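> Sequence:
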Amino acid sequence: MVETAGDVIVQTLINWGVSVVFGIPGDAINGIMEALRKRRDEVAFIQTRHEEAAALAACGHARFTGRLGVCLATAGPGGIRLLTGLYDARFDFQPVLAITGMQYHDLIGTHAQQDVELDHLFADVAAYSVRVMGPGHAERVADLACRTAVTRRAVAHLTVPIDIQLAPLGRSVRAHRAAAPLAPPGPGPSAALPAEADLARAAALLNDGRRICILAGQGALGARAEIAETAERLAAPVAEALLGKGILADDNRYLVGTPGLLGSRPAQDAMEGCDTLLIVGSLFPYLEYYPRPGLARVVQIDIDPGRIGLRVPAEVGLAGDAAAVLRALLPRLERHDDLLFIEQARTGVLEWQDELEKQATRGDTPMKPQLVLRELDRVLPADALVAVDNGATTTWSARYLRMRGEMRFAWPGTLATMGAALPIAIAGALAHPARTTVCITGDGALSSLIGELATVARHALDLKILVIKNNTLALTKWEQTVFLGNPDYGADLQPIDFAAVARGFGLSAVTIERPEDCAEAMAQAMATPGPVLIEAVVDPHEPPLPPKATLNQAAQMAEAMAHGMPARRRIALTLASDTVRQVV
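To get this note's numbering, take the position in the sequence shown, counting from 1, and add 20.
Because the hints were derived from the structure by calculation, they are not lab data. Careful: at least some of the hints might be erroneous.
[To be verified] Each pair of labels, with its calculated beta carbon distance range:
1. 537 x 314: 52 to 62 Å
2. 140 x 544: 49 to 59 Å
3. 509 x 60: 12 to 22 Å
Owing to the predicted nature of the structure, the values given are computational and were not obtained by experimental measurement. Cβ atoms here follow ideal geometry from the backbone N, Cα and C, with glycine treated the same way.
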């Protein structure tokens, strides 16, 4: 059998440990598809219903496995539609390779059908974007693409004209200057540790602090034990950026939750009240939630030295793997005996938890989204994979999901892609079939990629899809009112019967509308084998407000109401029963 450039590319993926490729076939990618067909026992092809979903699923695979995610699409519009998912991977530093087709090589640049030069188009999103020029070229660049994505935790892209995909590989076609193909690297040593002088400076700064807070992000997900020991040594509350949710279990006495708009009040208090901030593996983007300039000294640990000081000035920067750097730093840290700051934080956590419980157990009709997430949390397995969408559902998930055991949390946070949770969850369920996977989404988000319910049904995934249905783009509505002082406009959605739609796709489905039914219905749905959609109909006027509403936000809300905000009376009643009532 003649080996083609397409065969070489797919075999390179297998050599790099790739076990699944997400995408949609098309005429300009069929050379790669044939290579995948011939190797279907070694690498699975998962057909999605939209190229964006393929790229998001590849990113989800990387999130849940730590390995290279791969997606493919045909020429022109197929490749273009990958971009949102690839930017999601780029922004959250996930290793993803995209493979796209192109027109026949001698038709490129001639205004032929689907003649889009995708290597140029992908130049911004990809750290490595190359047009394959021939079969011999494919050997080398396929390896370099995988290598770049994995070692730099970045997006790589290969675009291959259809005739090149089908061209036979001849050993003699390689230019005399071209080296032999590279071999995948084996496990290498950890990143080099910071200099002794920098470790000593960081330790001195931390030892000198009285009110120390640790901000930990996704770069610390592999440093659970080291973060816990550092927090105990420094008597420091730990605020987890949402991308790092799950570094510590929620019952850890040093954890104070997530800072920022979507998070917890004790996390915000700890960030505001500290005199020393240790940032570990985080690029938490909301500058207004960091300590005010000049009020806290900062030590930052990041594997990429270019990220140190990106959000706030760091007095000491330590470049390296979070776990390795913390292990080197810990022997230099003195035990802090002043427990006042951590005890205040712990008291704040207990008060916040009590407040959340009251919000979730009001028993109001329409049902509150807080209740739905509380009941889901109570029945989640300790090894569940949870993918959360962007929107108001992010707020409720951040506040009510308690991480424990081997539970994993995935959220497309930096790009804030709406509709990403379902493709991410699909990838998680495929990668870990023995574990329960849960997708938490809103009606606006789910409807944007609702076709992927077919993907769920086709593979009979053990995937539970919770859709919070309020017939509105809830977060957008409250951004318009609370942050701008404008009446909401353009945010209400045409209602969809998601349970009926799910059944049409072949899924089991249940609708929950009454608070008194929520606990039992949620437990039954989670216990049902196979894919299940849970449609929870909730109050559209329940605001996902910040943990500490400011007077300015209250004034903006009042202004929006005065300007004729729709349903303002119902909203006012809802706010009056919420914890922000004292400032509205």
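> If a hint holds in the structure, say so; if it does not, say that too.
Each hint tested on the structure:
no.: 1; hint: 537 x 314: 52 to 62 Å; verdict: holds (53 Å)
no.: 2; hint: 140 x 544: 49 to 59 Å; verdict: holds (52 Å)
no.: 3; hint: 509 x 60: 12 to 22 Å; verdict: violated (50 Å)
The structure does not agree with numbered hint 3 stated previously, though it agrees with all others.
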